[in-house]
Amino acid sequence: MINYDVDVAVIGGGPAGLAAAVSAREHGAKNVVILDRNSWLGGILPQCIHDGFGVEETGTSMTGPEYAEKYIEMAKKHGIDVMKGTMVLQFNKKLEITAVNKKGLHKIRAKSIVLAMGCREKTRWNVMIPGNRSSGIYTAGVAQAFINLYNIIPGKNVVILGSGDVGLIMARRLKFEGANVLGVVEILPYASGLPRNVVQCLDDYDIPLFLNYTVTCIDGKERLEQVTIAQVDDKMNIIPGTEKKIKCDALLLSLGLVPENELASDVGIEIDTVTGGPIVNQYLETTLAGVFACGNCLQVYDTVDVLSADAKNAGKNAAKNLTIQKEDKKISAKIVPGKGVRYVVPQRLSECERVHLTLRVEKPQESSMLRVIAGDKELLKKRLPWVNPANMIEIDVNIPSDTIAFMQSLEVTLDDH
Amino acid sequence: MKNFQVAIIGGGVIGSAIARELSKYKLDVVVFEMGSDVASGASKANSGVVHSGINSAPSSLKARFCVEGNKMFQSLADGLGFPVRWVGKCVIAKNEEELSELKRLKQVGMDNSVPGLEIKDGSEINESNVSCHAALWVPTAGITLPYEFTIALAENAAENNVKFLLETKVTGLKKQKNGFLIKTTKGDFNSEIVVNAAGLNCREIVSMLEEPDFQVYPCRGEYLILDKKYRSLVNSMIYPVPVKELGVLGVHITPTIEGNILLGPSAEFIDDAEDKRTTKEMMKTLLKEAREIIPAIPDKAVINAYSGMRCKLASLKEGGWADYQIEEGKQTPGLINLLGIESPGLTAAPAIAKEVTKMISQSIKLKTKNNFKSRRVKGKRFSEMTPQEQSILIKKDDRWGRIVCRCEHVTEAEVIEALSNPLGARTLSSVKYRCRAGMGRCQGGFCTQHIVRIMEGQFNIDVKDMKLKSPDSNLFYGRTREVKDD
Ligand SMILES: Cc1cc2nc3c(=O)[nH]c(=O)nc-3n(C[C@H](O)[C@H](O)[C@H](O)COP(=O)(O)OP(=O)(O)OC[C@H]3O[C@@H](n4cnc5c(N)ncnc54)[C@H](O)[C@@H]3O)c2cc1C
Ligand SMILES: Cc1cc2nc3c(=O)[nH]c(=O)nc-3n(C[C@H](O)[C@H](O)[C@H](O)COP(=O)(O)OP(=O)(O)OC[C@H]3O[C@@H](n4cnc5c(N)ncnc54)[C@H](O)[C@@H]3O)c2cc1C
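Here the protein sequences come in this chain order: A and B.
Start counting the first sequence at 1; every next residue gets the next number (this note's numbering).
Start counting the second sequence at 1001; every next residue gets the next number (this note's numbering).
Hint data in this document are derived by calculation from the structure and do not stem from the laboratory.
No false leads were mixed into what you were given.
The calculated DMTMM-like cross-link candidates involving lysine to aspartate or glutamate, where the alpha carbons are at most 20 Å apart (straight line), are:
no., chain 1, residue 1, chain 2, residue 2
1, B, K1284, B, D1227
2, A, K102, B, E1389
3, B, K1300, B, D1227
4, B, K1396, B, E1417
5, A, K247, A, D219
6, A, K122, B, D1227
7, A, K221, B, D1472
8, A, K245, B, E1281
9, A, K102, B, E1384
10, B, K1228, A, D266
11, A, K93, A, E270
12, B, K1174, B, E1328
13, B, K1228, A, E270
14, A, K221, B, E1274
15, A, K247, B, D1275
16, A, K103, B, D1398
17, A, K107, B, E1389
18, B, K1378, B, D1397
19, A, K339, A, D376
20, B, K1175, B, D1188
21, A, K111, A, D81
22, A, K103, A, D81
23, A, K221, B, D1272
24, B, K1229, A, D272
25, B, K1464, A, E225
26, B, K1280, A, D233
27, A, K107, B, E1384
28, A, K245, B, D1275
29, A, K103, B, E1389
30, B, K1365, B, D1028
31, B, K1228, A, E262
32, B, K1280, A, D219
33, A, K381, A, D415
34, B, K1177, B, E1210
35, B, K1300, A, D272
36, B, K1317, B, E1245
37, A, K247, B, D1472
38, A, K320, A, E351
39, A, K221, B, D1465
40, A, K107, A, E96
Extracted from the complex, chain A is given alone in its bound form:
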C-alpha cells in the first residue's frame, strides 16, 4: 500500500472534478488530488468533438476537448496533483480511499472527498427490448467514443432509439461519416434532448424522428439485421398493426444516463431514487459528513456550463469543510418535489439562507407558476413561460431564518395558474 494524506480528494477528472478541484484550491485547500481511471483528464468531453460547450459560461462556443483543456490548464496552474489511470475501488466512513494503478495499491486519507464520477448510459436491458442478442447494438456514447477517439465505425445503416442529446448528436455524426441514419425512434410524444439539437442534428439533415414509437424486436442471429418499431398509445402500450420493420446493421441506444454511484452507495451514502445521485444539502454535502457530490453523478445536467458552476460550489465547500465545525449545521429540513415537479436538488436544507435550487418538471407545459412553499408560507412565486423536462430549471430562493423552525419540509410545485 502506498499511503498519502490530502486535504481534498476529487474522484473523477471530468469537467465537474476539474472545476471542483480548482475551486477547492482557490478556497484554501492545500493538497488537492484528482483521481481518474482514464489515461486522460476531461472525462467524457474529449469524445464530444462537436461545439456548443461553454456558451453560457464564457460567451463563446467551444468543442468538448477545448472546454476541457481550459480547465486542465487551470488545474495545472493551481498545482493540483493528478493521478490518471487510477481506479478508485472504494472508500470508507473515515474517508480513506483505496485506489489502484500501475504503480500499485494506494490508500489516500482525505479530509474531504468530492464525488465527480459522472454517469453511465442505460442499456437495452434497462428497457427490456426482446429479440436476438445480436452484435451491432451500442449505446450512443460508446459509438461516439469508437468514432471520435478510435476512428472505428460501428455500422452503416443505423437506427437510433431514444432522442436524448447524445443520440441526436450521434445521428448527425454518423451522417458525416457517410452512414445512413434511418431514423430516431422516441417513445414519448416529444424529443427528450435539447430542442436546438433536434433542429441542428435531425431537421437539417432530413433524419426522420418517430415520436410515440418504440423498438419492439431486434432480429439478427449473429449481426443485427433488422429492428421492428411500433407506435404506442398514451399509456405506452404498443398499438397492434402499427409495426414497421427497418433493415439495419446497427442500433444505437440513447436511453438516458444513470449517475455512477456504486462507490457512494457502498459506503452507505443515501441515494435519491429519482435523480440517481446522492442526497445532498445546499452545500452539496452528502449524508456522509465531509463527502460532497457534483457533476453528472449528482444529477444529469443539460449543459456543462451549469454543471461547472455547481461543481465549483462543491469544491469550495469541500475546502471550507476543513475549517468549519460539523456541528454548525443547525437544521435538517427536506426539500421535496410537489405537484408537477420531478425532482429538486438539493434535497436537504441545513441552514436558512439564500439557496440555489435546480429542478426538473414532469412534462412539457405552456405558461405555469412555480412555487416554493413552507407550510402555509409562500417563499417564492414565479411565472415560467414554457417548461420542458429536458431543460433544467434553476432558481435562487431566500429562506428566512424562522421558516424552518416549525416546518420540517419545503415543497416546490408547478401549477397552471
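Go by the hints and put chain B with the ligands onto chain A.
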C-alpha cells in the same frame, strides 16, 4: 490431410467432456466446433443446475448419468477451477394433490439412490418469501456456471493435446475402409472414429451417413435475470411440480453463482432451432409464473433476458419426454451418436464422457498418458484477492494495476490471459465468459473499448475481424479513415 483417431463434432459440454476424458489417453483427438468458441449452443444458455436425479425414471440413461455425474462434480470443480455450490432445491406443492406428486418424485429419487430427500411441511422450509403447502427438499442439487464448466473441460483437454478447431463446421461425412473422411469448412480430415455431439444438429450429422430413424424437436426456453440486489429473495432453488404434458420441469427460481436470480425457463416447441429470440409475451408469462411462487418479485428487478434451445426427441404430442440415445450408428460402426441430450445433460456430461470412452475402448486400445495434467491452473480473480496479493502481482506485472472493466474490477492482465486461452477463442464473449469483463451493470459500456484496443494492439486482430460471439457477429463496419501512426 491430417489423420485423427477420434473426431468429436461439437464443442458443447458433451463434446468437451468427452474430449477431456479422452485426453487422459495416448490418442490423437480433434474437436470440430462451428461456433467461435466452445459452449456456443445449449451449453451456454441453460439453468446451470447440477441436478440430483429425482426427475428421471429409474433405469433410464438420464437417471443413471445424472446421478453419476452429480457425484463427480465437486472433484472436477476442484481440479479444473470452475465453481459449484450445493444450495439444494425445494420442489413445492401448493395443495394436497401436488403433495402426492412430491411423494412420487421422492420415490423416484430413492429408487435412483438420491440421498437426503425429505418432504417438509410448508412452514418448515428455510424460505421466507415462498409460501406453499409442502416441499420436497433435495440437498444434493447444486448450481454451477455452465459456460465456465464447459470452457474448463475444453481448455484442460487442449492442455492435454486435444486439438480444437473453432469456426469449423462439419459439412459432410463419408465412411471409408479405415474410418471416415470428414469434410469441413476448413478442409478435409480423416478419423477412425467420429463422435456426434452436435446437439440440435445431431440428426443432420447422422443423415450424412445413414437415414436417421428419429426426429429432433427444438423446444425454446426463455429466461429472465434479476439484479444482484434481489439475491436474498431465495436461499435455494425453488421448483414447482414438473409440467408433465411438456416433459419439462417448469418455471423455477434459481440463484446463480454470480449472485443473480434466474426465472425460467419457458417451454415452447418451435420449428426453427436457431430462433433464439426472446419475446415480450414470454417475459410477461415468466414473471407471472415466478410470482405464483414468490409474489414479492418487482418489475424493475429484471435486468436481462436470454433463451436456450432444448434438443428433444419426443414431440409435444408425444409428451415431450424421451430418453437419451447413446449408441453406435445403426448401419455405421465407428460413428458414436449422442442423441437428444437435453436436461440434465450438463450434469450428466462427465458420466456420459466415461461411457463414450468405454465404447471407444472396444475398438481402440486405450493407453493412459503418464504426463496427463488433471488440474487446470486457474489464478484467482483480481477482485477476489487480498490487498497484499494485489500489490505483489502489480509489482511483478503492472498490467494487474490497470482496471479494464469498471463494474467487475477486471484488470488488463486478466483480459490478456483470457485472450491467450489454449483454444484460440478470441471473441468479446470469449473474454466475458473467461474473466467477467462486460458482465456488470453497464453491460460493456466501459470495457468494450479497452478490450478492443487490447485485441488490436496485443493480438493483432483487425477491427473488421472482431466478433461479438460467432463467426458472422462482427462488431464493427470498419475504420472511418485509415490512420497511420508511424
Ligand atoms: C455525447 C454528449 C454530448 C454532450 N454535448 C454537450 C454540449 O453540446 N454542451 C454541453 O454543455 N454539454 C454537453 N454534454 C454534457 C457534458 O459533457 C457532461 O455534462 C459532462 O461531461 C459531465 O461531467 P462530469 O465531470 O460530471 O462527468 P464525466 O465527464 O463523465 O467525468 C467523470 C470522470 O470520473 C471518472 N471516474 C468515475 N468513476 C471513477 C472511479 N471509481 N475511479 C476513478 N475515476 C472515476 C471517469 O473516468 C470520468 O473521467 C454532452 C455529453 C455527452 C455524453
Ligand atoms: C433451457 C435449457 C435448460 C437446461 N437446464 C439444465 C440444467 O439446469 N442442468 C442440466 O444438467 N442440464 C440442463 N440443460 C441441458 C443441457 O444444457 C444440455 O443437455 C447440454 O448443454 C447439451 O450439450 P451438448 O454439448 O450436447 O449441446 P450443445 O451445447 O448445443 O453443443 C453442440 C455443439 O455442436 C456444434 N455443432 C453443431 N453442428 C455442428 C457441425 N456440423 N460442425 C461443427 N460443430 C457443430 C454447435 O455449434 C454446438 O456448440 C438445459 C437445456 C436447456 C435448453
